[in-house]
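Peer 1: Each chain is listed here by its residues.
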Amino acid sequence: DAGITQSPRHKVTETGTPVTLRCHQTENHRYMYWYRQDPGHGLRLIHYSYGVKDTDKGEVSDGYSVSRSKTEDFLLTLESATSSQTSVYFCAISGLGLYNEQFFGPGTRLTVL
Amino acid sequence: DQQVKQNSPSLSVQEGRISILNCDYTNSMFDYFLWYKKYPAEGPTFLISISSIKDKNEDGRFTVFLNKSAKHLSLHIVPSQPGDSAVYFCAASGGYSGGGADGLTFGKGTHLIIQP
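Residue numbers (the working numbering), protein chains in the order written: chain A, 1 to 113; chain B, 1001 to 1116.
To be clear, the hints were calculated from the coordinates, so they are not data collected in a lab.
Nothing here was measured: the structure is a model prediction, and the numbers come from that model.
Worth double-checking, as some hints may not be accurate.
Calculated cross-link-like contacts (lysine-lysine; reagent style DSS-like; alpha-carbon spacing at most 27 Å) [what the hints assert, rightly or not]: (1) A/11 x A/70; (2) B/1068 x B/1054; (3) B/1005 x B/1054; (4) B/1054 x B/1071; (5) B/1005 x A/57; (6) B/1108 x A/11; (7) A/11 x A/57; (8) B/1108 x A/57; (9) B/1071 x B/1005.
Please put together the full structure from these sequences, using the hints given.
Peer 2: This is how it looks when you write it as structure tokens:
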């Protein structure tokens, strides 16, 4: 299994509070991604990074920001959490293998009350 | 507008038989198509993929077929085993920047149930 960890694994927070989710990899892969999974939507891309300090927006980036100061860490921040951001968040990494396959972390379940 | 569609939310197959999962797409810019398997409370696991210039790729019990003119791909699992029971996601790359580094576009998933 690819060395990807996510923290925390579960979090309950209140509307309006800031939340930061962390993704850590030990594979030294250049590309990292944040997705959210919601019932009826599959996985949707929030933001991705193609190198340290290089990031870009995905399909559902509103309300989220990211930072990547080191190759191994990719942080997802909800500046002011809303109930619509209750979801399961997955981090993924890619070394641009033969088929651009991405490898996913175990996920963080976030509940915003 | 959904660019990757999995129209069957669930599929039930008897153990030992063939499972066929289907996926349709609309974006001609997709360059790779991938299948992921997901168990509850775990992250998706990469299963198999295919380049848009190929029409078939096989890996053990898993074969993916691509019909580019119909914008359709399918995953065949033969023979189906109890451990194959999971949610299967079809995904495609190249839909954002057109390059290989961008994110994947996922379908909504098909829940495969293997019955004994």
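Peer 1: Hint compliance check: list the failing hint numbers for this structure, sorted ascending.
Peer 2: Hint check: nothing fails, all pass.
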